[in-house]
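Chemist: With the sequences and hints as input, model every part of the structure.
For the protein sequence lines, the chains are A and B, in the order given.
Sequential numbering from 59 applies to the first sequence in this note's numbering.
Sequential numbering from 3 applies to the second sequence in this note's numbering.
Just so you know, not all the hints are guaranteed correct.
To be verified - Here are the simulated BS3-like cross-link-like pairs (lysine-lysine), alpha carbons at most 27 Å apart as the crow flies:
id, chain 1, residue 1, chain 2, residue 2
1, A, LYS164, B, LYS286
2, A, LYS164, B, LYS87
3, A, LYS138, A, LYS164
4, B, LYS48, B, LYS164
5, A, LYS145, B, LYS286
6, B, LYS264, B, LYS216
7, B, LYS145, B, LYS87
8, A, LYS138, B, LYS48
9, B, LYS264, B, LYS48
10, B, LYS264, B, LYS145
11, A, LYS164, B, LYS264
12, B, LYS145, B, LYS216
13, B, LYS277, A, LYS164
14, A, LYS164, B, LYS48
15, B, LYS286, A, LYS99
16, B, LYS277, A, LYS99
17, B, LYS48, B, LYS277
18, A, LYS145, B, LYS277
19, B, LYS277, A, LYS138
20, B, LYS264, B, LYS87
21, B, LYS286, A, LYS138
22, B, LYS277, B, LYS87
Rather than coming from a laboratory, the hints here were simulated on the basis of the structure.
This is what each chain is made of:
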Amino acid sequence: MIFRVATCLTLLAGAVASPLYADTRSDAVAQVDFGIAVAQKGLWREAIYRWERAVEIDPTYAAAFNDLAVGYEHEGQLEKARQAYEKALALEPNNPQIRQNYELFKEINDRTGGSSSETP
Amino acid sequence: MTEQAAAAAKRRNRCFAALFAIAAGATSACGTTYFEIPIETPIRAKLDVSAFQRVLIAGFVAGGIDDVDANQETVRLLRSQLRSKSSLRVIDADAMELIAVAQEQSRTVAGADDSPRPRAVGSPEEFSEARAGQPVPLPPQIKDERDMEPYERLFANTAYWKRIGEEYQNPLIVTGTVLFMPHSRSGFVSRDVEDYDSFGRRRIRPVRTYMERKGFILRQKFIFIDGRTGATLHSQSHREEVLYSQQQTTPALSSYFELMDKILPDFLQALSSQKIRGTRVLLK
Chain A
59 MIFRVATCLT LLAGAVASPL YADTRSDAVA QVDFGIAVAQ KGLWREAIYR WERAVEIDPT
119 YAAAFNDLAV GYEHEGQLEK ARQAYEKALA LEPNNPQIRQ NYELFKEIND RTGGSSSETP
Chain B
3 MTEQAAAAAK RRNRCFAALF AIAAGATSAC GTTYFEIPIE TPIRAKLDVS AFQRVLIAGF
63 VAGGIDDVDA NQETVRLLRS QLRSKSSLRV IDADAMELIA VAQEQSRTVA GADDSPRPRA
123 VGSPEEFSEA RAGQPVPLPP QIKDERDMEP YERLFANTAY WKRIGEEYQN PLIVTGTVLF
183 MPHSRSGFVS RDVEDYDSFG RRRIRPVRTY MERKGFILRQ KFIFIDGRTG ATLHSQSHRE
243 EVLYSQQQTT PALSSYFELM DKILPDFLQA LSSQKIRGTR VLLK
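Modeler: Here it is, written out as structure tokens:
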């Protein structure tokens, strides 16, 4: 009897949570879509705002972190870009596109800080 | 074509269409919608040069091979780069012969140092301690890093650089060292070889072969000095090398430019902001 109740509760919880997750993800996807559309028109600040909203809404959305990293990179906020890429990769370590973006980003970082330099 | 064959062809087409639909469905389900987008990453200048309107590429302590006058070539190259890629006005002046300047300064210090020392030097430790205050003799020719090292004291002589700064109305001064040396290395090198397998398919295989190669090493140190005070603001060091096969004959000067080409973006980035163009992928 207890087992049946537990099973019912689990199923109920799953049934309730699943649409909630779907809602969260679809809200985040809407923000990401809008961000991509405005980025393609060159409105990068608005795009970054949208992608920041997306990762707030759904902190497990790797694509949103990837897009946010690209936005930060375009704005020259390299430390923030690195953190966002690393978050995206932590969520989807085998995503080849995120990995490729990150490799290209690191190449720039190496080029800009590759030599040994010192400022007294 | 018989009816049976036509029916078989139709079935095959349907099968392909179904496979394509499944593949397309799987692709969209996996969320692989992506958009390539061009980006321009702005890189801020390492140095704040807002206090300067002009820059003096003074000259370099140069050494290595005699085929290339690394001092003159470096001065000429940096000036032409800065004229087109920096807002600073480039001062036109003869490249300074810093080796001669350093040797002159060393002689002056040695002459002033001829007075008898009050303390007797006994143990090796005391001797080296006593030597630390004395000028290390400068080698007349610079062939490697060891020869170059004692010359670097010249850049710490703030009084000298302040005087140069006053002479040119307080610009930003760029100087440093450049060592362009021949280099050879032998060992196994991996290269791709194209061949065909037993089915006639083209394939590329990595093959390791032993090769003797020769080329050049460029060691470049840029020192940025405040012409108002003579103090060093920033310095950056680079090392690049290029190797060719023994059969290839490349003039030393063209190798020098090939190596400088790799260093220049970093040098320019110290003085002016840059934008690096690239492409990234946005994901849905």
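Chemist: Confirm or reject each hint.
Modeler: Each hint, compared with the structure:
With a CA separation close to 23 Å, the supplied pair A:LYS164 and B:LYS286 stays within the 27 Å bound. A hinted pair counts as satisfied when its Cα atoms are at most 27 Å apart, and A:LYS164 with B:LYS87 qualifies at roughly 24 Å. A distance of roughly 13 Å separates the Cα atoms of A:LYS138 and A:LYS164; the hinted pair therefore holds under the 27 Å criterion. Restraint check for B:LYS48 and B:LYS164: satisfied, since their Cα atoms lie roughly 22 Å apart, inside the 27 Å limit.
Of the pairs offered as hints, the one joining A:LYS145 and B:LYS286 holds, with about 16 Å between alpha carbons and a cut-off of 27 Å not exceeded. For the given pair, B:LYS264 sits about 19 Å from B:LYS216 by alpha-carbon distance, which is consistent with the 27 Å threshold. Between B:LYS145 and B:LYS87 the CA atoms are separated by roughly 33 Å; this puts the pair beyond 27 Å, and the hint is violated. Only pairs whose Cα atoms come within 27 Å are accepted, and A:LYS138 paired with B:LYS48 is accepted, the gap being roughly 19 Å.
Our distance criterion of 27 Å between C-alpha atoms is met by B:LYS264 and B:LYS48, whose separation comes to about 18 Å. For the suggested pair B:LYS264 and B:LYS145, the alpha carbons sit about 23 Å apart, so the restraint of at most 27 Å is met. Between A:LYS164 and B:LYS264, the direct Cα distance comes to roughly 17 Å. Compliance with the 27 Å bound is thereby established for this hinted pair. Pair hint B:LYS145 plus B:LYS216 holds up; C-alpha atoms about 17 Å apart against a cutoff of 27 Å.
Using a Cα cut-off of 27 Å, the hinted pair B:LYS277 and A:LYS164 holds, with the two alpha carbons roughly 15 Å apart. Between A:LYS164 and B:LYS48 the CA atoms are separated by roughly 18 Å; this keeps the pair inside 27 Å, and the hint holds. For the proposed pair B:LYS286 and A:LYS99, the alpha carbon gap of about 17 Å is at most 27 Å, so the pair holds. Distance hint between B:LYS277 and A:LYS99 is fulfilled; the C-alpha atoms sit about 19 Å from each other, no more than 27 Å.
At roughly 14 Å between alpha-carbon atoms, B:LYS48 and B:LYS277 fall within 27 Å of each other, so this suggested pair holds. Note on A:LYS145 and B:LYS277: the hinted pairing holds, with a Cα-Cα distance of about 25 Å set against a maximum of 27 Å. Between B:LYS277 and A:LYS138 the alpha-carbon distance is near 18 Å, which keeps this suggested pair within the 27 Å criterion. Our distance criterion of 27 Å between C-alpha atoms is met by B:LYS264 and B:LYS87, whose separation comes to about 16 Å.
The suggested pairing of B:LYS286 with A:LYS138 holds, with an alpha-carbon distance near 20 Å, which does not exceed 27 Å. Proximity of B:LYS277 to B:LYS87 is assessed by CA-CA distance (about 12 Å); at most 27 Å being required, the pair is judged to hold.
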